[in-house]
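Those protein sequence lines, which keep their order, are chains A and B. So for the first sequence, the numbering used here puts the first residue at 223; every next one is plus one. So for the second sequence, the numbering used here puts the first residue at 994; every next one is plus one.
Mixed in with the good hints, there may be bad ones.
As the list claims (entries may be wrong) - The following residues of chain A were derived to be distant from chain B, with all beta-carbon distances above 12 angstroms: (1) Gly278; (2) Gln285; (3) Gly310; (4) Ile338; (5) Tyr348.
To be verified - Covered stretches of chain A (chain B as the covering partner; in silico rule of three or more C-beta atoms under 8 angstroms from a C-beta of chain B): (6) 352-365; (7) 368-378; (8) 415-428.
Claimed, not checked - Just a sample of chain A residues kept apart from chain B, beta carbon distances all over 12 angstroms, derived: (9) Val261; (10) Val268; (11) Phe314; (12) Leu349.
Because the hints were derived from the structure by calculation, they are not lab data. Where a beta carbon is used, it is the ideal one built from N, C-alpha and C, also for glycine.
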Amino acid sequence: MVTKRSKKREEKLVKAAVETGGSQTRDIIRAFMKHKVSVVALVVLVIILIAAIVSGFIFSEEQITAITAAARLQPPSLEHWFGTDAFGRDVFARTVYGARYSLFFGLTTAALSLVIGTAIGSACAYLGGTFDIVVMRIMDSLVCIPSLLLMLALVAVIGRGMHGIIIALVVTSVPGTARIVRSIVIGVVQNEYVEAARAAGVTTPQIIWRHVLPNAFGPILVNILMNISGSIISASSMSFLGMGIQPPTPEWGAMINDALPLIRTSPYLIVFPGIAVLVTSLCFNLLGDGLTDSLDPHSR
Amino acid sequence: MLKYMIKRILFIIPSVFIVSVLTFVVLSLSPGTPGQAALGINATQEQIDAFNHSVGYDRPLPERYIDYMAGALQGDFGESYTQHNDVAAILIPKFPTTLTVAFLAVLFSAALGIPIGVLAALKKGTAVDVGTTTIALVFASIPSFWLGLMLMLLFSLQLGILPSHGIGTWKNLVLPVATLALPSAAYVARMVRITMLDEFNQDYVRTARAKGASENRIVFIHVIRNAMMPVLTNLGMSFAGLLGGAIIAEQVFGLPGFGSAILNAINMKDTPIVLGATLFLSFTYMIIMLVLDLVNALLNPKFRDSIEKA
Chain A
223 MVTKRSKKRE EKLVKAAVET GGSQTRDIIR AFMKHKVSVV ALVVLVIILI
273 AAIVSGFIFS EEQITAITAA ARLQPPSLEH WFGTDAFGRD VFARTVYGAR
323 YSLFFGLTTA ALSLVIGTAI GSACAYLGGT FDIVVMRIMD SLVCIPSLLL
373 MLALVAVIGR GMHGIIIALV VTSVPGTARI VRSIVIGVVQ NEYVEAARAA
423 GVTTPQIIWR HVLPNAFGPI LVNILMNISG SIISASSMSF LGMGIQPPTP
473 EWGAMINDAL PLIRTSPYLI VFPGIAVLVT SLCFNLLGDG LTDSLDPHSR
Chain B
994 MLKYMIKRIL FIIPSVFIVS VLTFVVLSLS PGTPGQAALG INATQEQIDA
1044 FNHSVGYDRP LPERYIDYMA GALQGDFGES YTQHNDVAAI LIPKFPTTLT
1094 VAFLAVLFSA ALGIPIGVLA ALKKGTAVDV GTTTIALVFA SIPSFWLGLM
1144 LMLLFSLQLG ILPSHGIGTW KNLVLPVATL ALPSAAYVAR MVRITMLDEF
1194 NQDYVRTARA KGASENRIVF IHVIRNAMMP VLTNLGMSFA GLLGGAIIAE
1244 QVFGLPGFGS AILNAINMKD TPIVLGATLF LSFTYMIIML VLDLVNALLN
1294 PKFRDSIEKA
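Build the full structure now, drawing on both the sequences and the hints.
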């Protein structure tokens, strides 16, 4: 009897939450569309994403790394928009192809740190007590280690390349995500409707899934977008230091590292891949910025 | 008050413990043994085993950790595998360079970022606000190694007014510090702007306005004073990033700091140097945060209360 009644009440609550959630989403989208710069950033990101995917079908990895001695070190021209490098490879093709790596790092890290950070953060917020204290202490301590240093140390252990970079990026971004999720969850849990749901007998995992996470989604998404931007910069920095992706793979940081001896004679080899990192990470930041404003009911 | 300060100082012990255990355990998972790193590929298995035994590497991990920390707390970070010298003796001469670059970068990012952030907050919604905020976002999105290279291209290779490499005069520090300070200033400006806008919404601002205080008085006497503490804490936190980021600036501009030592050590699989450098910089950061928290507690009764309640 009790369960039946609470089920009904819960359904009502869920319906209410879903309804407000739905209209909220429309409001947020409308507010976001007013942010012209963020909309442009979104369009640019979609173009970069498409370019990254398409370039994988047009070029093979061998074509991108093949050496053409006759065409070496040509400055930017109509034929080679970004010029050619010391091995006669087209820098434009390599830069476009490089988006595959940066986006892969950014998005994979974001997804992993979202899953892990949300699990840790909401567990801490919900369980509280010693578990919360111990886990958050560990998270805070991780932040005490300068993140680039922590990443380098992890790469030293795991080895250079994809795995090393991704694990290093995830380890450094999880504490921030966990902390934000934790504080959001604690904030949401204090709301009356959660209390009502609990009084109605809704189980804890259901409350987290149906009430807490949907409300926490916006701020977490903003955090994730900023994270992607940071991860793209960090991944290219590690490759630049020779601790990430190795040449001849056209990762942007690795391309810049490769061209360092030629900085005097062929600076374009360094300029263009760097602009690619800048534009990509800037777009994710702009997207996050616009979303922050549109999620804030006061500024809508 | 004294109780809080003692509590806060004791609070650093679990942090030191967790950071050191994490770093120690993670780095002990590195492939290869000290014998392999020190003796090279021509050594026989017996020689390697003998070396590992002589440095105590064949003991269980917890024992090695306790041994290491007992030394580390007295300033002995063990011996390098590849250079026949103490880790502390290798790293300490390099520390001033890294610290100077990071410290100057914090200073300049505050000097540049705080006024810009205050200005943007005061002119909220105007072209000045949008302009500075957008420029700040661009700088926050620049990878610092590339910014360094661009500055080098412009000021060293094109204009020839600043040296691109080396150390010695103050001129050598200008570009590395700018490389770190510009993105950091962008971050500071954004943070100051948000903190100021938050403060403007506080009740005390409304009260001051109701009592007829001038807008200048509200900004300079009330808001800025209240906003400074969170800003200072944030500056302290960004210092950790700059200590790490200094590695990049040092690599780009060829400064002999922690950066080259760490990167070399990783290449040579010289774990004690990586471990020592990581712990050294982490402890530096923890001490800075400790000092900031104590200053904060001394100046801000609100903060003190919230800590004592927790």
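key: Non-interface claim for A/Tyr348, where every Cβ of chain B lies beyond 12 angstroms   = holds, 19 angstroms
ask   = Going by Cβ atoms, does A/Val261 stay more than 12 angstroms from chain B at every point?
value = holds, 15 angstroms
request  = Please confirm whether A/Ile338 is truly not at the interface, meaning its C-beta sits more than 12 angstroms away from all C-beta atoms of chain B.
outcome  = holds, 16 angstroms
Given coverage of the stretch 352-365 of chain A by chain B, tested with a Cβ cutoff of 8 angstroms and a minimum of 3 residues = holds (count 6)
query = Taking the closest pair, is the beta carbon of A/Gly310 still more than 12 angstroms from chain B?
reply = A/Gly310 is indeed farther than 12 angstroms from all Cβ atoms of chain B, at 23 angstroms.
request  = Confirm or reject the coverage of the stretch 415-428 of chain A by chain B under the rule of 3 or more residues with a beta carbon closer than 8 angstroms to the chain's beta carbons.
outcome  = violated (count 0)
Least C-beta distance between A/Leu349 and chain B, which was stated to exceed 12 angstroms = The claim holds: A/Leu349 sits with its nearest Cβ about 18 angstroms from chain B, beyond 12 angstroms.
ask   = Non-interface claim for A/Val268: all C-beta distances to chain B beyond 12 angstroms?
value = Holds, since 18 angstroms exceeds 12 angstroms.
Coverage of the stretch 368-378 of chain A by chain B, judged on three or more residues with CB within 8 angstroms = Our answer is that it holds, as 10 residues pass the Cβ test (under 8 angstroms) against chain B, meeting three.
key: Consistency of the no-contact label for A/Phe314, given chain B and a CB cut of 12 angstroms   = The assertion about A/Phe314 holds, with a minimum of 18 angstroms to chain B.
Closest CB of chain B to the CB of A/Gln285 still more than 12 angstroms away = Check passes; 26 angstroms lies beyond 12 angstroms.
Given as non-interface: A/Gly278, partner chain B, CB spacing beyond 12 angstroms = Per Cβ check, A/Gly278 is outside 12 angstroms of chain B; nearest 24 angstroms; holds.
The structure shown violates just one earlier hint, number 8.
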